[in-house]
Amino acid sequence: MNNMIIQTHSLSKTYSSGKLETPALQGISMDVPAGSFSCIIGPSGHGKSTLMHLIGGLDRATFGDVIIDGVKIAGLNDSELSDLRASKLGFVFQFFNLLKNLTAAENIETAMMFSANAPKGAKAQRVRALELLAMVGLEEKADAKPSELSGGQQQRVSIARALANDPDILLMDEPTGNLDSQSEKEVLDQLFKIHKDGKTIVIVTHSSELAAQAEIVYEIKDGRLNDVIRKGGTNE
Amino acid sequence: MNMFTLVLRNISRRKGRFIFTLLGIVIGMAAFVALLSLGGGMRAEINDQARAMGANIIVTPADWCTFDQISIFTGESLPASLQEEVLDQVRELDGIFAVPYLTQMSAIQNVPVAVIGIDPEPMKEFSRWEIADGQYFESSEQHGAVLGAATAETFDLGVGDEVRFRGEVFPVIGVLESVGSIDDIAVYLPLPVAQVAFEQEGFISYIGVQVEHLDQTDAYVAAILDVANVAVNTNDQLLETVMGMLGSIEVTLQAIAGISLIAAAFGIINTMMTAIYERRREIGILRSIGSTRADIFKIFLLESGLYGLLGGILGSVVGVLISVFAAPTLLASFDQMMKGASPEASIEPMTFVFAIVFAIVIAVASGIYPAWKAAGLSPVEAISYE
Chain R
0 MNNMIIQTHS
10 LSKTYSSGKL
20 ETPALQGISM
30 DVPAGSFSCI
40 IGPSGHGKST
50 LMHLIGGLDR
60 ATFGDVIIDG
70 VKIAGLNDSE
80 LSDLRASKLG
90 FVFQFFNLLK
100 NLTAAENIET
110 AMMFSANAPK
120 GAKAQRVRAL
130 ELLAMVGLEE
140 KADAKPSELS
150 GGQQQRVSIA
160 RALANDPDIL
170 LMDEPTGNLD
180 SQSEKEVLDQ
190 LFKIHKDGKT
200 IVIVTHSSEL
210 AAQAEIVYEI
220 KDGRLNDVIR
230 KGGTNE
Chain D
0 MNMFTLVLRN
10 ISRRKGRFIF
20 TLLGIVIGMA
30 AFVALLSLGG
40 GMRAEINDQA
50 RAMGANIIVT
60 PADWCTFDQI
70 SIFTGESLPA
80 SLQEEVLDQV
90 RELDGIFAVP
100 YLTQMSAIQN
110 VPVAVIGIDP
120 EPMKEFSRWE
130 IADGQYFESS
140 EQHGAVLGAA
150 TAETFDLGVG
160 DEVRFRGEVF
170 PVIGVLESVG
180 SIDDIAVYLP
190 LPVAQVAFEQ
200 EGFISYIGVQ
210 VEHLDQTDAY
220 VAAILDVANV
230 AVNTNDQLLE
240 TVMGMLGSIE
250 VTLQAIAGIS
260 LIAAAFGIIN
270 TMMTAIYERR
280 REIGILRSIG
290 STRADIFKIF
300 LLESGLYGLL
310 GGILGSVVGV
320 LISVFAAPTL
330 LASFDQMMKG
340 ASPEASIEPM
350 TFVFAIVFAI
360 VIAVASGIYP
370 AWKAAGLSPV
380 EAISYE
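Line order of the protein sequences matches chains R and D. Residue numbers for the first sequence follow numbering that gives the first Met the number 0, so the first one is 0 and each next one is one higher. Residue numbers for the second sequence follow numbering that gives the first Met the number 0, so the first one is 0 and each next one is one higher.
Treat the hints loosely; a few may be bogus.
Where chain D lies over chain R, by a calculated footprint (3+ residues, C-beta under 8 Å) [said to hold, decoys possible]: (1) 49-60; (2) 71-81; (3) 84-97; (4) 100-113.
Since the hints were derived computationally from the structure, they do not count as laboratory data. Each residue gets a CB set at the ideal place from its N, CA and C atoms; glycine is no exception.
Could you build the full structure based on these sequences and the hints that come with them?
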């Protein structure tokens, strides 16, 4: 299918420690349409995060391939892979992963340091950072350090950072897993808004409520793709 | 946002560690710069002393060691093993103006002082001395002492006072004008009087020679060697020997400073390695938002380089301050060796530049391994680090 922005073919990952080999993912083949809102669900320790890391090029597969917008990432060197992460992908993590010594605006600007897509010059980058903070409703927190923000606010900054270079894909690992229900609602509202703007969103989650709102749900069990549920009740 | 700002923010987050690591470099560079400056000062002082000496050639006993020869510049007691007849043989040569020295150590008010037996009239001309107070020797047999300007001032002595050497009392008959060399810090007796007082009849320590034609110095040296069994050194050769020895001392001192710099370098390595473990997650975050291994390498190397830049600048400033303000204390033994000379630190702008560049090179070199380790971290392992 031509509109698949993420594809994996027989994707496997085995962790080795001395003679001990632990398979984390085995033969995952999946297609994620451009502009879709997908969730990856499954029990803890069954390979969901590993799959997201492989899709995001943060780790290398033992076997198989990931294709992002037509580019096979297995063939990319470190610089090309980093460029892909900087321009095509945005990451949001469960524990926010903001740089503690930088302000909210600076965290967003840091993401622009490494992308060719980013606005050039400190002034333009600051304008872009403030725009993104306004989009997530935190324009007044531009100069606040992460320690001065609530969990929900930190996660919204983290979403703003993920959008800094206007990527096509947002990969999120339990983005609401560390938030109270009010913050969770704020973050999800934000995600739906971003999805409406045409971004492809892939979320690793344990939340059945969130998964229920996804267009496609990929269920991972024992490192294998156990089920794919498409909105409307179609199972594969 | 740029790498430099990112590095500054990282450093500012760990001020205590930054300051202590920086101190290592500052101390090492300060020692290095101070030693270079003080060494330069000592060289300049020795050069001045050698120039002020007035002799183009020094005739010494054939068996003198290097230390004896160097002591000519420093006013130490010298062995009197050159027979006085040699002076006559040298004086007979054409184009040569020779004066004898019998240099002995004694003390005034329990402070060591060089007492030099001289041939009064030729010496006055040889060294271009002027009398500041009292009178000069009227004959070679006169039982009296003429003081160098600094000696008179140091011991508060003047015409009419007395000095005592080997139990013998010598009235002070005159004080010389200051000439800005070791001549200022000695006591002069006529040679025959000194030979008797120090029981060195018929002997002198060495002969200072001025030649008529400087461009024929080698020929004069050959002529002296033809007529006497002596060692002949040109002033430049002696100076070269002294400088060579000083160079060895400087190298030793700089090696010690170098060791402190190596310790500082390990301090940087330790700080940066610790930083890698503490900042694993941060490295992972930077990798996830698109930084390459090279970017991580640059960030850590820049941080190390900043230690070098700041450490180099601060260390150089501290080193210069030490060499300027602490020089009198640090060079006390050198002052004593030079018998009252007052060497000052020689601060060359290039020393400053060299020190800063050197500090940066050391810091960057120290940062290569930690930076390489940081760049080699797997993004997923780094981001998952708790």
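Each hint, compared with the structure:
| no. | hint | in the structure |
| --- | --- | --- |
| 1 | 49-60 | holds (count 4) |
| 2 | 71-81 | holds (count 3) |
| 3 | 84-97 | holds (count 7) |
| 4 | 100-113 | holds (count 9) |
Consistency with the previously given hints is maintained throughout, with no hint failing.
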